[in-house]
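Produce the entire structure from the sequences given, and follow the hints as far as they go.
Residues in the sequence shown are numbered consecutively from 1, following the numbering used here.
In short, the hints are calculated from the structure, not lab data. Do not take every clue at face value.
[What the hints assert, rightly or not] Pair ranges (Cβ atoms, derived):
1. LYS16 - GLU83: 34 to 44 Å
2. LYS55 - GLN117: 15 to 25 Å
3. THR58 - GLN5: 20 to 30 Å
4. GLY128 - ASP86: 17 to 27 Å
Cβ coordinates follow ideal geometry from the N, Cα and C atoms, glycine included.
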Amino acid sequence: MIYSQNEEELISIGQKLGRLLNSGDIIVLSGDLGAGKTTLTKGIAKGLDVSQMIKSPTYTIVREYEGRLPLYHLDVYRIGDIEEMDEIGYEDYVYGEGVCLIEWANLIEEILPDHYQKITIRKDLEKGFDYREIEMEEQ
Numbered sequence: 001m002i003y004s005q006n007e008e009e010l011i012s013i014g015q016k017l018g019r020l021l022n023s024g025d026i027i028v029l030s031g032d033l034g035a036g037k038t039t040l041t042k043g044i045a046k047g048l049d050v051s052q053m054i055k056s057p058t059y060t061i062v063r064e065y066e067g068r069l070p071l072y073h074l075d076v077y078r079i080g081d082i083e084e085m086d087e088i089g090y091e092d093y094v095y096g097e098g099v100c101l102i103e104w105a106n107l108i109e110e111i112l113p114d115h116y117q118k119i120t121i122r123k124d125l126e127k128g129f130d131y132r133e134i135e136m137e138e139q
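What follows is the structure in structure tokens.
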């Protein structure tokens, strides 16, 4: 378990992780609304040398960024039907040359690859508004 006291620490954790990622890596982010999934993604992007501003893909479903490796940032919260994943080119991202990061992947569990890194971010308001617990596990 990794702990973060504020947004800057969460970004720093993501940046360290981003430096370790390789082509074909898949990260699945879990956490409640406002847990910090996009904030962690900002750090991962920094670690991948992405210079563009990172925005949540909630309404666009996918955002692509160029860095040391391409970063494919998917937010499938608004996917109504699993078939919609084919329409956005899901397999091109998951099996592509870059790093694929998926928020709300529990909604598409049946089509996730066999191996990926799962990161769960949890808030604990008793320890502070910005306090987060980050759990990482291989799937």
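How the hints compare with the structure:
no. : hint                       : result
1   : LYS16 - GLU83: 34 to 44 Å  : holds, 37 Å
2   : LYS55 - GLN117: 15 to 25 Å : holds, 22 Å
3   : THR58 - GLN5: 20 to 30 Å   : holds, 26 Å
4   : GLY128 - ASP86: 17 to 27 Å : violated, 42 Å
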